Amino acid sequence: KAGVTQTPRYLIKTRGQQVTLSCSPISGHRSVSWYQQTPGQGLQFLFEYFSETQRNKGNFPGRFSGRQFSNSRSEMNVSTLELGDSALYLCASSLEGQGLYEQYFGPGTRLTVT
Amino acid sequence: AQTVTQSQPEMSVQEAETVTLSCTYDTSENNYYLFWYKQPPSRQMILVIRQEAYKQQNATENRFSVNFQKAAKSFSLKISDSQLGDTAMYFCAFMGYNTDKLIFGTGTRLQVFP
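Protein sequence lines, in the order shown, are assigned to chains A and B. Quick note on my numbering: the first sequence kicks off at 1 and runs consecutively. Quick note on my numbering: the second sequence kicks off at 1001 and runs consecutively.
Don't read these hints as lab results, they were simulated from the structure. Here the structure is a predicted model, which means the values were calculated and not measured. Glycine included, each C-beta is placed from N, C-alpha and C at the ideal position. Any given hint could turn out to be false.
[To be verified] With beta-carbon atoms standing in for the labels, derived distance ranges:
#1 A:Arg110 <-> B:Ser1074: 18 to 24 Å
#2 A:Thr20 <-> B:Gln1014: 35 to 41 Å
#3 A:Arg15 <-> B:Asn1098: 34 to 40 Å
#4 A:Thr20 <-> B:Lys1078: 38 to 44 Å
#5 B:Glu1015 <-> A:Arg9: 30 to 36 Å
#6 B:Asp1081 <-> A:Gly62: 44 to 50 Å
[Stated by the list, open to error] Which bits of chain A does chain B cover? Going by a derived footprint, with three or more residues having C-beta under 8 Å, they are:
#7 26-35
#8 41-55
#9 58-68
#10 75-82
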């Protein structure tokens, strides 16, 4: 089975621009979660989607948004980029979510905002 | 709000020796899940071990075992017969019941040397 894939792997954007990151979960997995990893703040939960619905949301401003498609693929979007948005963005998928099943992480997208 | 604390930023151990990584957490919930994740340098996050709070028996996965003390809210990871491939960042994480939101500690960087 293919693992969680994230595209692109690396991205450089300019302050004020917007960016869309993509995550393809493991086949059959319906829950996708997103995390931001920075040296200063560590790993922080962004949001979780299940069956195209946002089920949980972390404490991030409205500039961070996401969606999930009917094939469980998920995208997250960051608008009006700030320097502090530079981070490794990780996505994780699981069968059903809610702690019942293991979360499998993707390799991440490293976003650099200049 | 739940918090996870890892008080050891860095640790080192000699190959074949045993090392214990500490983790404490704070929650008012009675049912929850606890995890240890491993993030090798420039590689994907993988699950090492998980513990369900309602289970009194400590989880074990090959060379990895936990000491779960629910009353003390402590969840340490013991790595026996350390191998060079165990070199990585180790994150302790908490997940409440019926949620897919992982709350991570700040991590412990473990170096295994020959």
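Tested hints:
no., hint, in the structure
1, A:Arg110 <-> B:Ser1074: 18 to 24 Å, "violated, 34 Å"
2, A:Thr20 <-> B:Gln1014: 35 to 41 Å, "violated, 46 Å"
3, A:Arg15 <-> B:Asn1098: 34 to 40 Å, "holds, 39 Å"
4, A:Thr20 <-> B:Lys1078: 38 to 44 Å, "holds, 42 Å"
5, B:Glu1015 <-> A:Arg9: 30 to 36 Å, "holds, 32 Å"
6, B:Asp1081 <-> A:Gly62: 44 to 50 Å, "holds, 49 Å"
7, 26-35, "holds (count 3)"
8, 41-55, "holds (count 7)"
9, 58-68, "violated (count 1)"
10, 75-82, "violated (count 0)"
In this structure, the earlier hints numbered 1, 2, 9 and 10 are contradicted, and the remaining ones agree with it.
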